[in-house]
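Chains R and L, in that order, give the protein sequences. For the first sequence, UniProt numbering puts the final residue at 316, and the numbers step up evenly by one. For the second sequence, UniProt numbering puts the final residue at 316, and the numbers step up evenly by one.
Just so you know, these hints were derived from the structure itself, not from any lab. Among the clues, some could well be false.
Given that identical chains are not distinguished, each listed pair holds provided it fits within a single copy or across any two copies.
As the list claims (entries may be wrong) - As a list, the in silico DSS-like pairs of lysine-lysine whose alpha-carbon atoms are at most 27 Å apart:
| hint | residue 1 | residue 2 |
| --- | --- | --- |
| 1 | K37 | K184 |
| 2 | K75 | K177 |
| 3 | K37 | K204 |
| 4 | K82 | K204 |
| 5 | K37 | K188 |
| 6 | K112 | K184 |
Number of protein chains: 2
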Amino acid sequence: MAKSLESSDNVLSILSIGLVVIDIMTEVETYPVEDTKSRSNSIHERVGGNAASNSIVLSLLGEKASFMGVVGTTKHHLELIKDTFSKYGVDYSSMIECAGHAVPQTVCIICKETGSRTCVHYRGSLPELSFSIFTGASLNFSLYKWIHFEGRYDYQDTHLSIQHCRDVKDSKGYDFKISVEIEKASAKLERLLDSPADYIFISKDFSIMMGYADMMQAVAGFSQRVKSGVTVVCPWGSSGAAAQTNGAEAVWTPAFPPKETVNTLGAGDTFIAACIKALCHSSSLSTAVRYACQVAGAKCGLREIDQLSTLQFELE
Amino acid sequence: MAKSLESSDNVLSILSIGLVVIDIMTEVETYPVEDTKSRSNSIHERVGGNAASNSIVLSLLGEKASFMGVVGTTKHHLELIKDTFSKYGVDYSSMIECAGHAVPQTVCIICKETGSRTCVHYRGSLPELSFSIFTGASLNFSLYKWIHFEGRYDYQDTHLSIQHCRDVKDSKGYDFKISVEIEKASAKLERLLDSPADYIFISKDFSIMMGYADMMQAVAGFSQRVKSGVTVVCPWGSSGAAAQTNGAEAVWTPAFPPKETVNTLGAGDTFIAACIKALCHSSSLSTAVRYACQVAGAKCGLREIDQLSTLQFELE
Numbered sequence: 001m002a003k004s005l006e007s008s009d010n011v012l013s014i015l016s017i018g019l020v021v022i023d024i025m026t027e028v029e030t031y032p033v034e035d036t037k038s039r040s041n042s043i044h045e046r047v048g049g050n051a052a053s054n055s056i057v058l059s060l061l062g063e064k065a066s067f068m069g070v071v072g073t074t075k076h077h078l079e080l081i082k083d084t085f086s087k088y089g090v091d092y093s094s095m096i097e098c099a100g101h102a103v104p105q106t107v108c109i110i111c112k113e114t115g116s117r118t119c120v121h122y123r124g125s126l127p128e129l130s131f132s133i134f135t136g137a138s139l140n141f142s143l144y145k146w147i148h149f150e151g152r153y154d155y156q157d158t159h160l161s162i163q164h165c166r167d168v169k170d171s172k173g174y175d176f177k178i179s180v181e182i183e184k185a186s187a188k189l190e191r192l193l194d195s196p197a198d199y200i201f202i203s204k205d206f207s208i209m210m211g212y213a214d215m216m217q218a219v220a221g222f223s224q225r226v227k228s229g230v231t232v233v234c235p236w237g238s239s240g241a242a243a244q245t246n247g248a249e250a251v252w253t254p255a256f257p258p259k260e261t262v263n264t265l266g267a268g269d270t271f272i273a274a275c276i277k278a279l280c281h282s283s284s285l286s287t288a289v290r291y292a293c294q295v296a297g298a299k300c301g302l303r304e305i306d307q308l309s310t311l312q313f314e315l316e
Numbered sequence: 001m002a003k004s005l006e007s008s009d010n011v012l013s014i015l016s017i018g019l020v021v022i023d024i025m026t027e028v029e030t031y032p033v034e035d036t037k038s039r040s041n042s043i044h045e046r047v048g049g050n051a052a053s054n055s056i057v058l059s060l061l062g063e064k065a066s067f068m069g070v071v072g073t074t075k076h077h078l079e080l081i082k083d084t085f086s087k088y089g090v091d092y093s094s095m096i097e098c099a100g101h102a103v104p105q106t107v108c109i110i111c112k113e114t115g116s117r118t119c120v121h122y123r124g125s126l127p128e129l130s131f132s133i134f135t136g137a138s139l140n141f142s143l144y145k146w147i148h149f150e151g152r153y154d155y156q157d158t159h160l161s162i163q164h165c166r167d168v169k170d171s172k173g174y175d176f177k178i179s180v181e182i183e184k185a186s187a188k189l190e191r192l193l194d195s196p197a198d199y200i201f202i203s204k205d206f207s208i209m210m211g212y213a214d215m216m217q218a219v220a221g222f223s224q225r226v227k228s229g230v231t232v233v234c235p236w237g238s239s240g241a242a243a244q245t246n247g248a249e250a251v252w253t254p255a256f257p258p259k260e261t262v263n264t265l266g267a268g269d270t271f272i273a274a275c276i277k278a279l280c281h282s283s284s285l286s287t288a289v290r291y292a293c294q295v296a297g298a299k300c301g302l303r304e305i306d307q308l309s310t311l312q313f314e315l316e
């Protein structure tokens with residue numbers, strides 16, 4: 001059963017808001033040549049989507065995690081999503097079912113030889129989580145210590161929803177932090193740099209699109225661009241990660257690659273989840289990005305994400 | 001509901017024996033470059049496998065069709081297979097469920113720009129239809145007018161099963177015909193040329209592997225190689241098809257391409273089904289291959305196979 005969030009339970013939760021999709025993962029020895037027939041080593045369906053993955057990793061790291069997002073009602077896919085959230089103890093009581101729409105699906109071809117991940121995503125007709133759906137859900141904000149948004153192409157709705165959280169927090173005196181992820185290299189998402197969030201996670205792809213050649217340039221530039229007091233965090237793959245709060249010094253950490261890289265899919269989602277966890281535990285920004293790189297690095301050495309819960313990471 | 005085959009029903013059925021799998025079909029504008037993320041136009045699951053497709057096409061062409069094969073028990077996949085056979089009126093009472101094994105799956109990437117079909121197949125642990133499973137199923141041979149085998153890599157089991165059918169036919173005086181398809185370009189399948197079948201369908205890929213440059217050379221060569229009285233049929237894509245009975249003259253037909261080709265997937269299965277139907281109706285070999293090319297060509301102009309039943313084809 002999913003953990004249910006009740007007000008009598010005074011452990012606060014981390015809410016991740018965004019996509020839940022079905023990933024169809026198939027592993028091949030070599031990337032398939034167009035117009036040929038070949039064999040794969042495995043195929044399986046699993047739950048994906050950045051926000052859903054954030055929630056699962058947070059739960060594996062021992063946090064109380066909640067997911068909010070719009071989901072289609074394809075029977076066996078919806079069952080797989082609910083079963084998966086239940087298995088990991090992620091609360092999905094704020095997930096919104098849209099009858100008559102399919103769950104979006106991504107075909108992921110994992111190439112054993114090169115380690116590449118080729119993904120083809122079908123979004124279908126499922127509506128995005130609009131501002132009106134978000135406010136209509138009447139979240140109980142007293143339950144959360146952190147609210148994280150996956151920045152979507154409908155950036156205006158994400159922006160309005162973040163502003164709404166900020167307004168509720170300020171007016172009611174809640175203590176939760178707000179963060180947003182800018183992942184896609186889409187110029188439209190630049191608007192989310194103006195978000196009234198506390199933390200903005202910015203991908204390497206978006207940073208490069210914005211003209212930054214490395215993570216130190218990226219955090220220096222973005223931290224001047226964002227609102228006062230906002231912290232930008234830039235994970236940069238095998239280079240590590242950097243972060244900087246507007247008006248303060250940058251911090252950075254190298255990456256912590258595993259002895260053998262077996263699966264890099266979801267490393268970005270893992271980084272964000274681990275960083276949020278560390279910051280929830282009052283770690284310094286420097287400690288948080290270092291911890292996040294350690295957890296994301298260890299994840300790349302695991303075939304299954306579940307194994308994360310068996311590893312020990314020190315939060316200094 | 002599936003048509004059930006009862007002995008009181010004196011319309012005989014065409015039994016197709018071989019694979020039933022799940023095809024995960026996704027259409028893209030351009031073939032995905034390795035290690036990138038892109039969007040697809042659609043994704044859906046459907047029932048595939050040569051023998052399963054043969055059965056469905058035969059039913060769409062108005063024949064009483066039966067399927068025999070081994071199937072895994074992945075819940076929603078097994079449901080999709082049963083629902084699909086039921087929808088098309090294919091009898092699957094001889095389908096053998098193997099608990100604890102997944103249904104094999106094929107990811108098919110259909111490229112709109114080039115018309116290419118790139119397929120990655122995962123077979124998993126599901127056992128092949130062995131000779132002992134085949135005989136253990138105790139088929140009621142009196143129900144069939146034709147028994148068609150999809151030649152599998154386990155050619156010995158296919159060969160023994162064909163021999164068993166031949167023995168039953170000869171000893172009991174049944175009137176059914178026997179055919180086998182050699183599709184994969186695998187040298188192992190050469191042994192199936194010695195099958196005691198009445199008709200052997202041989203793919204262009206296998207023919208080319210055996211050193212034949214065109215369909216007329218292929219039928220000339222193969223018809224000398226097979227047993228006396230056996231007919232070989234070689235569909236050759238956009239060139240048409242040829243056929244020849246050992247000891248007789250070759251016949252051939254050009255292809256009948258549609259005005260616009262929209263989906264060539266399954267054209268080979270359609271050709272075989274249509275050819276069997278025509279031969280069941282006592283068409284000459286020449287008429288049968290011509291009819292098969294007409295139906296397979298028309299199929300390539302249809303987005304959905306279901307539309308086949310709305311078209312009219314004349315069996316001269």
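Structure-based check of each hint:
1. K37 x K184: between (32 Å within a copy, 10 Å between copies)
2. K75 x K177: For K75 and K177, the Cα distance exceeds 27 Å both inside one copy (35 Å) and across copies (42 Å).
3. K37 x K204: Answer is between; shortest inter-copy Cα gap is 15 Å, intra-copy 35 Å.
4. K82 x K204: Cα proximity of K82 and K204: none, with 32 Å in one copy and 47 Å across.
5. K37 x K188: Between copies only: 18 Å across chains, 39 Å inside a chain, cut-off 27 Å.
6. K112 x K184: both (25 Å within a copy, 25 Å between copies)
This entry does not satisfy hints 2 and 4, going by the numbered hints stated previously.
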